[in-house]
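Could you put together the complete structure from these sequences and hints?
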Amino acid sequence: EAQVTQNPRYLITVTGKKLTVTCSQNMNHEYMSWYRQDPGLGLRQIYYSMNVEVTDKGDVPEGYKVSRKEKRNFPLILESPSPNQTSLYFCASSFGGFPSTDTQYFGPGTRLTVL
Amino acid sequence: KNEVEQSPQNLTAQEGEFITINCSYSVGISALHWLQQHPGGGIVSLFMLSSGKKKHGRLIATINIQEKHSSLHITASHPRDSAVYICAAETGANSKLTFGKGITLSVRP
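Respectively, the protein sequence lines represent chains A and B. Going by the working numbering, the first sequence opens with residue 104, and the numbers climb by one from there. Going by the working numbering, the second sequence opens with residue 721, and the numbers climb by one from there.
Just so you know, the hints here were simulated from the structure itself, not pulled from any lab data. Please note that the accuracy of each hint is not assured.
Unchecked claim - Label pairs and their in silico Cβ distance ranges:
| # | chain 1 | residue 1 | chain 2 | residue 2 | range |
| --- | --- | --- | --- | --- | --- |
| 1 | A | E104 | B | G761 | 18 to 24 Å |
| 2 | B | H793 | A | P186 | 39 to 45 Å |
| 3 | A | T118 | B | T824 | 31 to 37 Å |
Glycine included, every Cβ here is placed at the ideal spot set by N, Cα and C.
Listed below in structure tokens is the structure:
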């Protein structure tokens with residue numbers, strides 16, 4: 104089944120404890136992206152990748168890192184999480200190098216709470 | 721001012737009504753996306769368009785590039801259409817996405 108998976112789905116952690124949220128797709132998609140969703144602010148793009156080893160900042164990249172060493176995986180790394188990173192995170196992918204090339208497929212979301 | 725504005729913020733309709741959701745943007749775009757977020761939180765991509773009009777089932781999306789405006793129409797609305805509808809502008813050489821805050825649609829039986 105074609106899908107985007109994220110792990111973990113739920114995470115409660117403490118300030119400063121490094122964490123990684125994984126994102127994996129099995130559709131051989133070139134474009135992958137991370138978003139966060141907050142009440143009253145909507146969805147905001149954190150980082151995106153147009154292909155392996157190609158990443159770029161979205162609107163809210165501060166406090167996050169990403170890597171794209173292989174096509175299927177695009178992990179989101181929080182080196183030193185802070186409470187303002189408490190949010191609902193979505194990963195998405197699409198076939199071409201741009202989101203408008205083809206339908207974007209979204210993962211189920213990861214709800215992160217930083218205490 | 722947000723680069724992407726959606727109106728109205730909340731919308732309630734009766735089953736069977738024709739519904740229009742609007743999206744305005746203030747920047748040049750390469751494409752405009754419409755997304756649907758179900759009450760359970762899952763997000764589905766509905767349309768991507770850079771000109772004209774697209775139709776899928778009871779959903780129609782239009783865009784006017786000169787006026788920097790897009791609309792999503794739902795014909796013969798049904799309670800299962802109740803969701804948050806989000807538009808996003810794709811901009812720049814690297815295709816960054818900027819989102820509107822979304823419209824919460826509730827369709828009553």
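Hint-by-hint comparison with the structure:
1. A hinted range of 18 to 24 Å holds for the C-beta pair A:E104 and B:G761, which are about 19 Å apart.
2. One distance hint, 39 to 45 Å for the beta-carbon pair B:H793 and A:P186, holds here, with the actual separation near 41 Å.
3. For the pair A:T118 and B:T824, the supplied restraint of 31 to 37 Å holds, since their beta-carbon distance comes to about 32 Å.
Hint violations for this structure: none, all hints satisfied.
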